[in-house]
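Engineer: These are the residues of each chain, in order.
There are 2 protein chains.
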Amino acid sequence: MQFRQIRSATLNIEYAGKRFLIDPMLDPKGAQPGYPATVNSHLDNPLVDLPCAIEEVIDVDAVIVTHTHPDHWDETARKRIPKDLLVFAQTPYDEWQIQLAGFRNTRVLDGATDFAGITLSKTPGQHGRGALLEGLYGQILGDVCGVVFRHPDEKTLYLAGDTVWYEGVAETLANYQPDVIILNSADARVLPDEPIIMGTEDVREVYRAAPGATLIASHMDAVNPGTLSRAALRRFLDDEGMTDRVLVPEDGERYTF
Amino acid sequence: MQFRQIRSATLNIEYAGKRFLIDPMLDPKGAQPGYPATVNSHLDNPLVDLPCAIEEVIDVDAVIVTHTHPDHWDETARKRIPKDLLVFAQTPYDEWQIQLAGFRNTRVLDGATDFAGITLSKTPGQHGRGALLEGLYGQILGDVCGVVFRHPDEKTLYLAGDTVWYEGVAETLANYQPDVIILNSADARVLPDEPIIMGTEDVREVYRAAPGATLIASHMDAVNPGTLSRAALRRFLDDEGMTDRVLVPEDGERYTF
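Sequences listed follow chains A and B, in order. First residue of the first sequence: 1, per this note's numbering; consecutive thereafter. First residue of the second sequence: 1, per this note's numbering; consecutive thereafter.
Derived from the structure by calculation, the hints contain no laboratory data. As the structure is a computational prediction, the values presented were derived from the model and not from experiment. In this text, a Cβ means the ideal position worked out from N, Cα and C, and glycines have one as well. Check each hint, because a few of them may be wrong.
Looking from chain B toward chain A, a few residues come up when the C-beta cut is under 10 Å (computed) [said to hold, decoys possible]:
| # | residue |
| --- | --- |
| 1 | Q32 |
| 2 | P33 |
| 3 | Y35 |
| 4 | P36 |
| 5 | N40 |
| 6 | L43 |
| 7 | P70 |
| 8 | K83 |
| 9 | Y93 |
| 10 | E95 |
| 11 | Q97 |
| 12 | Q99 |
| 13 | A101 |
| 14 | F103 |
| 15 | Q139 |
Label pairs and their in silico Cβ distance ranges [said to hold, decoys possible]:
| # | chain 1 | residue 1 | chain 2 | residue 2 | range |
| --- | --- | --- | --- | --- | --- |
| 16 | A | G138 | B | G241 | 49 to 59 Å |
| 17 | A | V108 | B | T243 | 41 to 51 Å |
| 18 | A | T113 | B | L136 | 11 to 21 Å |
| 19 | B | Y255 | A | T113 | 51 to 61 Å |
| 20 | A | G130 | B | N105 | 42 to 52 Å |
| 21 | B | D193 | A | K83 | 24 to 34 Å |
| 22 | B | G130 | A | E253 | 52 to 62 Å |
| 23 | B | E171 | A | G135 | 21 to 31 Å |
| 24 | B | K79 | A | G135 | 57 to 67 Å |
Below, a list of computed lysine-lysine pairs in the PhoX-like style, where the Cα atoms sit at most 25 Å apart [as the list claims (entries may be wrong)]:
| # | chain 1 | residue 1 | chain 2 | residue 2 |
| --- | --- | --- | --- | --- |
| 25 | B | K18 | B | K79 |
| 26 | A | K79 | B | K83 |
| 27 | A | K18 | A | K79 |
| 28 | A | K83 | A | K18 |
| 29 | A | K155 | A | K18 |
| 30 | A | K79 | B | K29 |
| 31 | B | K29 | B | K79 |
| 32 | A | K79 | B | K18 |
| 33 | A | K29 | A | K79 |
| 34 | B | K79 | A | K29 |
| 35 | B | K29 | B | K83 |
| 36 | B | K79 | A | K83 |
| 37 | B | K83 | A | K29 |
| 38 | A | K83 | B | K18 |
| 39 | B | K155 | B | K83 |
| 40 | A | K83 | A | K29 |
Input sequences plus hints: build the corresponding full structure.
Structural biologist: Printed below as a string of structure tokens:
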């Protein structure tokens, strides 16, 4: 398989001969206002430009949208992705939202969705912790998912999506024993200061729970709520002796597994 | 007060010296694909152009968004309405969605919101009936509201919003005794054939329940799910002897009360 970090949570993944686009945020730098109720919301998003032409990013066989927050599914994605391209959604409601933008070739992921011999398994995620998931923030943070990719000729890949470390991630690691794990680990925070995706301690938990896996840190240095930079994560990994199995790609960087 | 039908559910209302923009759908004709899971979804929306320049429509003191479906709050509205203009939302979640587009001067309507001496009262609505409001359609149809406008120098105005006739509308009529009532009465339908706003029979119920009021039929001839045209509604009103108190404005038409 080939992994390419595009920007923020947006990735290109080639897996068993099929090309996937994950969580397309394709807006130009600064096109979205800072996200309300998050830290550093005075900064416009995305914080940086795409590392390559949009045409390259959208030249795929299918799109996977883990949820429809504007850093995972934005206006430029809705406009530029061909309307007949297959788009996988996490829920029927997300599928409807994607259809609203004119996409008609949509599918909802389940526990074992077959796509050209690849098994895509929707996995649970939790976009924050505890009381934060109740009330208004619960509505705003909403449903999220991850996806496990399996194929007889490939290593098992686990895209965790926008989630903190919690028992759902632990169970996914135990059930699927993934070889490669992509973690959204920018330690994004909503006000006053509540984490909604993984930070350093969450990465450490995954590192311990998946002792044979390679971890990839994604969603870094790209949108206003992130509080953990690549530089700070690299320092943490270095201090903790975790650099052997955790990769921190720059935008545009590729890995082959 | 002055009422001006703009297009679909979009209205300009001048009330007690303040100018309101209601449910701005400002996209050019055909900019939105037909709404999924609705009748006639092969038709692009809006079905017709605006009857006047956008600049005229958005030259107001405040905006009211009864809910965020794309025929009530669209991309052109998000882009063209000044970001510092006051926008009233029905719920904190809708307010957050509006803030996501960069609007920061937002307020959530309640039972008696004061705006420059005008009392705006949020009223209940039901965007369909019975089992339709459960499950996926329930999520899609979501929360909706209406608004009652009151001021010592003005007649009482009831904007019912996207709702069918049900006990919540009956109670609003009984509680507020409005003089002027705006009904979204295009009989819009979701598949297979379920009404989600008022049709002829709902209009008749309101006509009977508010014997002193003038009714205005809005949301007509503008988006794909509508099944009741102005022409058909006028025939019904004529046949039933209801033309005395029900107005069916064309796009751009004004009334003063």
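Engineer: A separate judgement is required for each hint: does it hold in the structure or not?
Structural biologist: Hints, verified against the model:
Taking 10 Å as the C-beta contact cut-off toward chain A, the hint placing B/Q32 at the interface holds, the least distance being around 8 Å. This hint holds: B/P33 has a C-beta 4 Å from the nearest C-beta of chain A, less than the 10 Å allowed. Satisfaction of the interface hint for B/Y35 is found here, the shortest Cβ-Cβ separation to chain A being roughly 7 Å, below the 10 Å cut-off. Look at B/P36: its Cβ gets to within about 4 Å of chain A, closer than 10 Å, so that hint holds up.
Checking B/N40 against chain A: minimum C-beta separation of about 15 Å lies over 10 Å; hint violated. Proximity of B/L43 to chain A is violated relative to the hint, the smallest CB-CB distance being about 13 Å (cut-off 10 Å). Contact between B/P70 and chain A, as hinted, is supported at the beta carbon level, the nearest pair being about 6 Å apart and thus within 10 Å. Taking 10 Å as the C-beta contact cut-off toward chain A, the hint placing B/K83 at the interface holds, the least distance being around 8 Å.
For the restraint placing B/Y93 at the interface with chain A, the shortest Cβ-Cβ distance is roughly 5 Å, inside the 10 Å limit, so the hint holds. The criterion of a C-beta within 10 Å of any C-beta in chain A is met by B/E95, whose closest approach is roughly 9 Å, and the hint holds. At about 9 Å, the closest approach between the beta carbon of B/Q97 and any beta carbon in chain A falls short of 10 Å, and the interface hint on this residue holds. Checking B/Q99 against chain A by beta carbon gives a least distance of about 4 Å; that is within 10 Å, so the hint holds.
The interface hint given for B/A101 is met, as the beta carbon of that residue sits about 7 Å from the closest beta carbon of chain A, less than 10 Å. Interface restraint check for B/F103: the shortest CB-CB distance to chain A comes to about 9 Å, inside 10 Å, so the restraint holds. The beta carbon of B/Q139 comes within 5 Å of a beta carbon in chain A, closer than 10 Å, and the hint placing it at the interface holds. At roughly 51 Å, the beta-carbon separation of A/G138 and B/G241 lies within the given 49 to 59 Å, and the hint holds.
Hint check: A/V108 to B/T243, Cβ distance near 48 Å, so the stated range 41 to 51 Å holds. The given range of 11 to 21 Å is respected by A/T113 and B/L136, whose C-beta atoms sit roughly 18 Å from each other. At roughly 54 Å, the beta-carbon separation of B/Y255 and A/T113 lies within the given 51 to 61 Å, and the hint holds. A hinted range of 42 to 52 Å is violated for the C-beta pair A/G130 and B/N105, which are about 32 Å apart.
In this structure the hint that B/D193 and A/K83 lie 24 to 34 Å apart at CB holds, the actual value being about 26 Å. The given range of 52 to 62 Å is respected by B/G130 and A/E253, whose C-beta atoms sit roughly 54 Å from each other. Restraint check, B/E171 to A/G135: a C-beta distance of roughly 27 Å satisfies the suggested window 21 to 31 Å. Here the CB-CB span from B/K79 to A/G135 is close to 30 Å, at odds with the stated 57 to 67 Å.
For the proposed pair B/K18 and B/K79, the alpha carbon gap of about 23 Å is at most 25 Å, so the pair holds. At most 25 Å may separate the alpha-carbon atoms for a hinted pair to count; A/K79 and B/K83 meet this at roughly 23 Å. For a cut-off of 25 Å, the pair hint linking A/K18 to A/K79 stands: about 23 Å separates their Cα positions. Between A/K83 and A/K18 the alpha-carbon distance is near 19 Å, which keeps this suggested pair within the 25 Å criterion.
About 14 Å separates the Cα atoms of A/K155 and A/K18, which keeps this hinted pair within 25 Å; it holds. Among the hinted pairs, A/K79 with B/K29 is consistent with the structure: their alpha-carbon atoms are about 17 Å apart, no more than 25 Å. For a cut-off of 25 Å, the pair hint linking B/K29 to B/K79 stands: about 16 Å separates their Cα positions. With a C-alpha separation of about 37 Å, the suggested pairing of A/K79 with B/K18 is violated against the 25 Å cut-off.
The straight-line distance between the Cα atoms of A/K29 and A/K79 is roughly 16 Å, inside the 25 Å bound, and the hint therefore holds. A distance of roughly 17 Å separates the Cα atoms of B/K79 and A/K29; the hinted pair therefore holds under the 25 Å criterion. With a C-alpha separation of about 24 Å, the suggested pairing of B/K29 with B/K83 holds against the 25 Å cut-off. For the hint pairing B/K79 with A/K83, the CA-to-CA distance comes to about 23 Å; that is within 25 Å, so the pair holds.
At most 25 Å may separate the alpha-carbon atoms for a hinted pair to count; B/K83 and A/K29 meet this at roughly 19 Å. The hinted pair formed by A/K83 and B/K18 fails the criterion: a straight-line CA distance of about 42 Å is larger than 25 Å. With a C-alpha separation of about 31 Å, the suggested pair B/K155 and B/K83 falls outside the 25 Å cut-off, and the hint is violated. Between A/K83 and A/K29 the alpha-carbon distance is near 24 Å, which keeps this suggested pair within the 25 Å criterion.
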